[in-house]
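S.K.: Going line by line, the protein sequences match chains A and B. So in our numbering the end of the first sequence lands on 178, straight run, no missing numbers. So in our numbering the end of the second sequence lands on 178, straight run, no missing numbers.
Bear in mind the hints are in silico, worked out from the structure with no lab data behind them. These numbers were taken from a predicted model, which means no experiment stands behind them. Just so you know, not all the hints are guaranteed correct.
The list treats identical chains as one, so a pair stands whether inside a single copy or across any two.
DSSO-like cross-link-like pairs, simulated, lysine-lysine; straight-line CA separation at most 27 Å [to be verified]:
1. Lys-20 / Lys-34
2. Lys-148 / Lys-58
3. Lys-34 / Lys-148
Number of protein chains: 2
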Amino acid sequence: MPLDPSFNESVPQGDNVSRKVCDHCGFVAYVNPKIVVGSVVRSGEKVLLCRRAIEPRKGFWTIPAGYLELAETPEAGAKREAREEACANLNISGLLAVYTIAHLSQVQIFYRATFAEPEIAAGEESLEVGLFGWDEIPWEDIAFPSVKWALDHERSVHLGKATAPFANPDGETGGLSE
Amino acid sequence: MPLDPSFNESVPQGDNVSRKVCDHCGFVAYVNPKIVVGSVVRSGEKVLLCRRAIEPRKGFWTIPAGYLELAETPEAGAKREAREEACANLNISGLLAVYTIAHLSQVQIFYRATFAEPEIAAGEESLEVGLFGWDEIPWEDIAFPSVKWALDHERSVHLGKATAPFANPDGETGGLSE
Chain A
1 MPLDPSFNES VPQGDNVSRK VCDHCGFVAY VNPKIVVGSV VRSGEKVLLC
51 RRAIEPRKGF WTIPAGYLEL AETPEAGAKR EAREEACANL NISGLLAVYT
101 IAHLSQVQIF YRATFAEPEI AAGEESLEVG LFGWDEIPWE DIAFPSVKWA
151 LDHERSVHLG KATAPFANPD GETGGLSE
Chain B
1 MPLDPSFNES VPQGDNVSRK VCDHCGFVAY VNPKIVVGSV VRSGEKVLLC
51 RRAIEPRKGF WTIPAGYLEL AETPEAGAKR EAREEACANL NISGLLAVYT
101 IAHLSQVQIF YRATFAEPEI AAGEESLEVG LFGWDEIPWE DIAFPSVKWA
151 LDHERSVHLG KATAPFANPD GETGGLSE
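Start from the sequences and build out the full structure, keeping to the hints where you can.
M.R.: Right under this line is the structure:
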């Protein structure tokens with residue numbers, strides 16, 4: 001029967017930052033910022049959105065995105081997330097934006113993409129998926145601020161008004177209450 | 001006296017990927033890709049290089065770069081690394097490149113930067129630091145392939161021949177033997 005992990009803060013040898021070290025086994029739980037990868041997938045004048053079947057923000061709409069896995073390129077991760085969440089096969093067009101959600105220790109790397117095949121369907125983590133024109137996007141029910149940023153930034157590039165990549169809009173940190 | 005950590009592979013509840021789980025305490029050692037942040041710092045026609053005082057690649061030249069810390073933006077991390085390695089205060093100009101070193105599970109986010117103050121000096125992790133014109137760069141003694149990519153890409157932008165950001169050069173994965 002495993003013991004409960006019990007971590008206390010201390011500075012490991014050769015380090016200069018306090019880390020969580022397990023009392024039982026001495027394991028140093030280095031906690032690193034996490035990388036979220038995803039894409040704004042465009043088909044003509046419409047973009048792909050997925051309604052979340054899981055917390056956080058279950059029932060709200062998002063672009064396909066999730067944590068990058070080990071030994072995976074961000075482009076491959078963005079394609080995998082679209083497969084998992086929308087049963088979609090993508091072509092990645094290029095980098096759209098790098099956003100930072102510092103309070104979550106997340107760096108989000110989002111790409112522009114198109115469909116390699118036209119079929120989409122709700123994956124396990126989605127209640128439904130769909131293609132939306134700009135005026136059809138359910139803006140009140142978007143899951144996270146950075147999804148709005150990505151949709152807005154992608155549209156600027158699509159309309160020829162800007163060149164990727166973007167970073168956080170001025171002064172915004174990605175909190176839901178902003 | 002802490003036990004030695006003893007990890008075995010298993011799929012935690014609610015997950016779909018095998019992770020390392022400690023036999024002693026049940027701790028799930030989620031291993032995530034790591035984010036390296038850094039910058040090509042330009043002063044006129046010269047760029048900042050640091051000779052590494054630590055392994056790997058001790059004695060070889062690099063740009064200031066290192067692991068992003070928790071709750072730190074990549075821009076702030078790039079500035080911190082330049083302070084630590086070259087005692088330099090930077091202004092970040094913009095994103096230069098996002099590289100993937102998949103076999104190391106690293107995503108590298110590099111910025112273009114200038115000096116906020118002209119002083120530089122070797123920090124604890126550097127044997128020496130210096131400013132180098134393009135023809136003065138010690139190309140045979142550059143620490144990592146992605147340092148060459150970043151120097152090359154930054155020069156293209158500096159000369160007006162390209163617009164940032166860049167990704168890995170075609171077919172390159174960042175291995176030292178390439």
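S.K.: Between the shortest in-copy and the shortest cross-copy C-alpha distance, which are at most 27 Å for Lys-148 and Lys-58: within, between, both, or neither?
M.R.: Answer is within: at 17 Å inside a copy they meet the 27 Å cutoff, but 44 Å across does not.
S.K.: Since the copies are identical, ignore which copy is meant and state whether Lys-34 and Lys-148 lie within 27 Å (CA to CA) inside a copy, between copies, both or neither.
M.R.: The answer is both: 20 Å in one copy and 26 Å across copies each meet 27 Å.
S.K.: At most 27 Å between C-alpha atoms: does Lys-20 with Lys-34 qualify within a copy, between copies, both, or neither?
M.R.: Answer is both: 17 Å inside a copy and 18 Å across each meet the 27 Å cutoff.
Going through the hint list in order, the structure satisfies each hint without exception.
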